[in-house]
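**Q** Working from the sequences, and respecting the hints, build out all of it.
Mapping to UniProt numbering: the sequence shown position 1 is 1, numbers consecutive.
Worth flagging that the hints you see were computed from the coordinates, not collected in a lab.
Incorrect hints may have been included.
[Stated by the list, open to error] So the derived label-pair ranges between C-beta atoms look like this: (1) PHE46 <-> ASN10: 25 to 31 Å; (2) SER17 <-> SER37: 27 to 33 Å; (3) SER11 <-> ARG58: 17 to 23 Å; (4) SER37 <-> THR15: 29 to 35 Å; (5) SER17 <-> THR48: 17 to 23 Å; (6) SER37 <-> ASN10: 29 to 35 Å.
Beta carbons are placed, not taken as given, at the ideal position from N, Cα and C, and that holds for glycine.
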Amino acid sequence: LNAYLYIPWNSCHSTDSKRAWVKGELIRYVRICSKESDFAEMRTLFATRLSARGYPGR
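**A** Following this line, the structure appears as structure tokens:
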């Protein structure tokens with residue numbers, strides 16, 4: 001079971017919606033990570049998962 005079923009980049013959702021969702025997830029990670037190093041690790045993992053779903057890099 002894949003617990004990380006993010007919206008694929010090529011979905012019908014607007015680009016603004018997808019960008020806002022990514023921003024919201026990053027804010028959530030900032031709030032739940034107690035250390036800056038934990039956030040850096042989660043951010044890297046998140047970027048990897050997004051890339052696997054077809055999201056473009058910066």
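**Q** Now look at each hint and say whether the structure bears it out.
**A** A quick look at each hint next to the structure:
1. One distance hint, 25 to 31 Å for the beta-carbon pair PHE46 and ASN10, is violated here, with the actual separation near 19 Å.
2. Checked against the hint of 27 to 33 Å, the C-beta distance between SER17 and SER37 comes to roughly 31 Å, which is consistent with it.
3. Distance hint check for SER11 and ARG58: the Cβ-Cβ separation is about 20 Å, which falls inside the suggested range of 17 to 23 Å.
4. Distance hint check for SER37 and THR15: the Cβ-Cβ separation is about 31 Å, which falls inside the suggested range of 29 to 35 Å.
5. Restraint check, SER17 to THR48: a C-beta distance of roughly 22 Å satisfies the suggested window 17 to 23 Å.
6. One distance hint, 29 to 35 Å for the beta-carbon pair SER37 and ASN10, holds here, with the actual separation near 33 Å.
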